[in-house]
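S.K.: Read off the chains here:
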Amino acid sequence: MSTRIEVAEKILSANDKLADTVRQKFDTAGVFAINIMASPGAGKTTFIIKLLETLRGRLRMGVIEGDLASSIDADKAAAAGLPAVQINTGGECHLDAVMVDGALHRLSLENLDLVIIENVGNLVCPINFKIGSHLNLLIASIPEGDDKPYKYPGAYRGVDALVISKIDLLPYVPFNMDYFQKGVEILNPDLETFHLSAKTGEGMDICADWLVNKVNFWKSNL
Amino acid sequence: MHELAVTQSILNIALENARKVDAKQITGINLLVGQMASLVDDSVQFYWDILSEGTIALGAKLNFKRIPTQMRCFDCSHIFSPSPDTFDCPACKSIRVQVIQGDEMRVDSIDVE
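Protein sequence lines correspond, in order, to chains F and U.
Note that the first sequence covers residues 8 to 229 in this note's numbering.
Note that the second sequence covers residues 568 to 680 in this note's numbering.
Keep in mind the hints are simulated off the structure, nothing from the lab.
Fair warning: there could be bad hints in the mix.
In silico EDC-like pairs for lysine to aspartate or glutamate, Cα to Cα no more than 20 Å straight-line [unchecked claim]:
hint, chain 1, residue 1, chain 2, residue 2
1, F, K189, U, D652
2, U, K632, U, D675
3, F, K158, F, D185
4, U, K587, F, E13
5, F, K17, U, D675
6, U, K660, F, D185
7, F, K24, U, E671
Beta-carbon label-pair distances, calculated as ranges [claimed, not checked]:
hint, chain 1, residue 1, chain 2, residue 2, range
8, U, P635, F, L198, 20 to 30 Å
9, U, S610, F, V105, 13 to 23 Å
10, F, N220, U, D642, 32 to 42 Å
11, U, N630, F, D82, 40 to 50 Å
12, U, D609, F, K158, 19 to 29 Å
13, U, K660, F, T35, 48 to 58 Å
14, U, I662, F, G88, 36 to 46 Å
15, U, S610, F, K158, 13 to 23 Å
A few chain U residues that don't get close to chain F, going by computed Cβ distances all over 12 Å [unchecked claim]:
hint, residue
16, Q612
17, T622
18, I646
Just so you know, even glycine gets a beta-carbon here, dropped at the ideal spot from N, CA and C.
Please model the complete structure; the sequences and the hints are all you need to start from.
M.R.: In structure tokens form, the structure reads like this:
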């Protein structure tokens, strides 16, 4: 005879708890952490490196790169002068709190104001796994198409800021901005949104200024 | 393919709750999964059969209760399930709508002996 036991627990609650611990470690070090998510090829690494150039002298930035394999992204970031740590997930489609926790000691947090965590390129899984960040940012690039909010609603719902990147390609690819933004508006009404091109630099200043204010405000409330 | 990590978490939760009541065997896991949660039932079952080996959860039946996506219109309060390519309110065409369910991923209960 079987008995039913009420559990009512979120499936990923263990990861959520560890993510809280990771966030406390960032808090203690006075480091603001951003989780950057996007599909593969959206331009995450290019955006991060451009952001470093734009923020130079204003915020001390480090980066944690998540990929299934290779250290290409960490090498690129290191070549640009960023303290960089590579996490290879070995096949997992996302970073989780365990992986980020294990990477923290490889960065000198005491010398940083901001850590950018570049998640695995994927619009499905990463959003479900908290990693201890203070801000979740999604990059949507123009060539991906204007239907992505409708196809990947979870990713758009779960973030605090949106970067619409590669806007220099708008004249060359079909992309209905109104249709795209309507989908975003429905899923995440007051989402902070930036239009920019990391390649030409257009719009990077506005995004960087917003970020500096965000980090400084956060630090003043610690 | 985050089903491996998800399945491991489900197993951990089930085993912990079974231990609390000194259960001999876990016979069923009842899951609540929203349509927006992007979880593949067959894939979870596949990993379950591998991961649960050697535990009291081996052979447990995984029951997935799918929760449909529902939205509520801010303007006319109509509650509806969105169509795949648009989220507009079908009653008044407003786009000021809110997701009220559909992204759940919970272990609701377990059946034990």
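S.K.: Evaluate each hint against the coordinates.
M.R.: Hints, one by one, checked against the model:
{"no.": "1", "hint": "F:K189 - U:D652", "verdict": "12 Å, holds"}
{"no.": "2", "hint": "U:K632 - U:D675", "verdict": "9 Å, holds"}
{"no.": "3", "hint": "F:K158 - F:D185", "verdict": "16 Å, holds"}
{"no.": "4", "hint": "U:K587 - F:E13", "verdict": "12 Å, holds"}
{"no.": "5", "hint": "F:K17 - U:D675", "verdict": "8 Å, holds"}
{"no.": "6", "hint": "U:K660 - F:D185", "verdict": "16 Å, holds"}
{"no.": "7", "hint": "F:K24 - U:E671", "verdict": "17 Å, holds"}
{"no.": "8", "hint": "U:P635 - F:L198: 20 to 30 Å", "verdict": "24 Å, holds"}
{"no.": "9", "hint": "U:S610 - F:V105: 13 to 23 Å", "verdict": "21 Å, holds"}
{"no.": "10", "hint": "F:N220 - U:D642: 32 to 42 Å", "verdict": "33 Å, holds"}
{"no.": "11", "hint": "U:N630 - F:D82: 40 to 50 Å", "verdict": "47 Å, holds"}
{"no.": "12", "hint": "U:D609 - F:K158: 19 to 29 Å", "verdict": "21 Å, holds"}
{"no.": "13", "hint": "U:K660 - F:T35: 48 to 58 Å", "verdict": "50 Å, holds"}
{"no.": "14", "hint": "U:I662 - F:G88: 36 to 46 Å", "verdict": "44 Å, holds"}
{"no.": "15", "hint": "U:S610 - F:K158: 13 to 23 Å", "verdict": "20 Å, holds"}
{"no.": "16", "hint": "Q612", "verdict": "15 Å, holds"}
{"no.": "17", "hint": "T622", "verdict": "16 Å, holds"}
{"no.": "18", "hint": "I646", "verdict": "15 Å, holds"}
Violation of the numbered hints given earlier is absent; every hint is satisfied by the structure.
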